[in-house]
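Colleague: One-letter residues, chain by chain:
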Amino acid sequence: MARRSPEEMLAVLEAQAREDEAFEAPMRELAAMSDAQLDEHLRGLGLDPAQLEREALTLFVEAAPGEAASALPSAVQAVPQQAGKSSFAGETRRRRPLAVAAWLAAGAAAATAGGALLYSLTRPAPEQPAPPAPSPSPSEAPSALPEPTLVAMTPADERKIAAAALDQGRPDECLRLLDLAKQADPAGDVAPEVQALRDRAKRALKDKPSKPHVP
Amino acid sequence: MVTLTKEQWVRLYKEVSGFAQASTFTKDKKRQWTARDRAQEAVQNACLRLLETKPASVKTYEDARDYLLGAIRSSLYNERERQQTRKEAEKEVMAEEVHLGRWTTPSAETMHLEKGEQTRSHGRAARIVELTREELKGDAIALGTMDCIADDIDKPADQAEKLGCQIEEVYAARMRRKRAMARAIARYEREGHAPESEERT
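Protein chains in written order, with this note's numbering: chain A, 1324 to 1538; chain B, 3 to 203.
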């Protein structure tokens, strides 16, 4: 079997590191959330945190591994919860009846809407307050997540970008990147130029005018 | 295997559930339910696998998270999809190389400069690989994956077979290796070497 040269090996390691970083970055964001923030985020994804908690307890604390498979309903909201003896793979195949139910529900909703429309056309409408703004669809929530970092940056790279961010008038971003670099390379953070950059960013942040209050 | 409190198991389960849902997210409304099912199925299968196999390498909360991520990854992205993606990426790189004219014959001066760069590049690569191995001291699976790569065995499934461990453990070891590599590069730069981008200019 051919032994790779160090360059070839490093190239493969770096490529896999980039792939792994892209995969892991969203997980780091979740791990940094508080319990309340995580629950809110899960709701945005259409998951029920309480149901997930029950599943976790069933799986890891209450049930023996052999029994755990059958004790796992899905936490995905609006999915009928059927605690059966079927394996999980079987549980997930029961989506087709949902489509029929959805069509029936849509038909009922359309009939109700038609009735309401007829009623509103035949009766003068009283003054109504403006409806609240629609909440974002749970399915769109993940798009609000920041883009994952696709390239594994070294602390030196992060410090360079931090300096550039400060030059562009973004001291908060500069400090954030310096903190990130410090986590991976604490020794590098005590370098005079890094400290100077940090001081400049802090001063700039302090001097940055706050947004004028619009009445 | 790791022992966690109730609260930690709940937190871990929620984290990986959120992660899997975000990973399978699709804007195509017709496929959203299928995507959610796939995600939750992957999470639950990963947890069951962790409980059934009780891998010895899972010693901390973070190890458990890495293991579950590896299992979810293995479940969500089958090898065929990854190969397809890789082929497409390789095609794109090749097209870019041709477009940028990098496939034309370089001048003598360029070749001379490239030779010097190759020597530096060889030294850098050898040192970073060495430092990464140092950082991974005692981590048999992660070091094993590096040996596999040196032997031209890149696929996680093949590595798992060679190392006699589960594919989930290989993925988890890759995460540890990635972090070790970042530390190794930082050490390399502290040794007085300029970052790669500066070396090339």
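Calculated from the structure, these hints are not laboratory results.
Watch out, some of these pointers could steer you wrong.
What the hints assert, rightly or not - No farther apart than 30 Å at their CA atoms in a straight line, the calculated lysine-lysine pairs in the DSS-like style are these:
1) Lys164(B) - Lys1505(A)
2) Lys1525(A) - Lys1505(A)
3) Lys1505(A) - Lys139(B)
4) Lys61(B) - Lys164(B)
5) Lys139(B) - Lys61(B)
6) Lys61(B) - Lys8(B)
Unchecked claim - Simulated DEER-style distance windows between Cβ atoms:
7) Ala1514(A) - Arg122(B): 46 to 54 Å
8) Lys56(B) - Gly1492(A): 26 to 34 Å
9) Ala1514(A) - Asp156(B): 34 to 42 Å
10) Ala1348(A) - Glu132(B): 43 to 51 Å
11) Arg1326(A) - Glu193(B): 22 to 30 Å
Ideal Cβ placement from N, Cα and C applies to all residues, glycine included.
Colleague: Now, for every hint given, state plainly whether the structure supports it.
Modeller: Consistency of the hints with the structure:
1. Lys164(B) - Lys1505(A): violated (37 Å)
2. Lys1525(A) - Lys1505(A): Judged against 30 Å, a Cα distance of about 16 Å means the pair holds.
3. Lys1505(A) - Lys139(B): Answer holds: Lys1505(A) to Lys139(B) is near 23 Å, not above 30 Å.
4. Lys61(B) - Lys164(B): This hinted pair holds, its Cα atoms lying about 23 Å apart.
5. Lys139(B) - Lys61(B): With Cα atoms ~16 Å apart, Lys139(B) and Lys61(B) stay inside 30 Å; holds.
6. Lys61(B) - Lys8(B): OK: Lys61(B) and Lys8(B) at ~16 Å, within 30 Å.
7. Ala1514(A) - Arg122(B): 46 to 54 Å: Violated, at about 23 Å.
8. Lys56(B) - Gly1492(A): 26 to 34 Å: For Gly1492(A) against Lys56(B), whose Cβ atoms are near 53 Å apart, the range 26 to 34 Å is violated.
9. Ala1514(A) - Asp156(B): 34 to 42 Å: holds (37 Å)
10. Ala1348(A) - Glu132(B): 43 to 51 Å: Given range 43 to 51 Å: violated, Cβ gap about 27 Å.
11. Arg1326(A) - Glu193(B): 22 to 30 Å: Hint holds: Cβ distance 25 Å, inside 22 to 30 Å.
Checked against the numbered hints given earlier, this structure breaks hints 1, 7, 8, 10; the rest are met.
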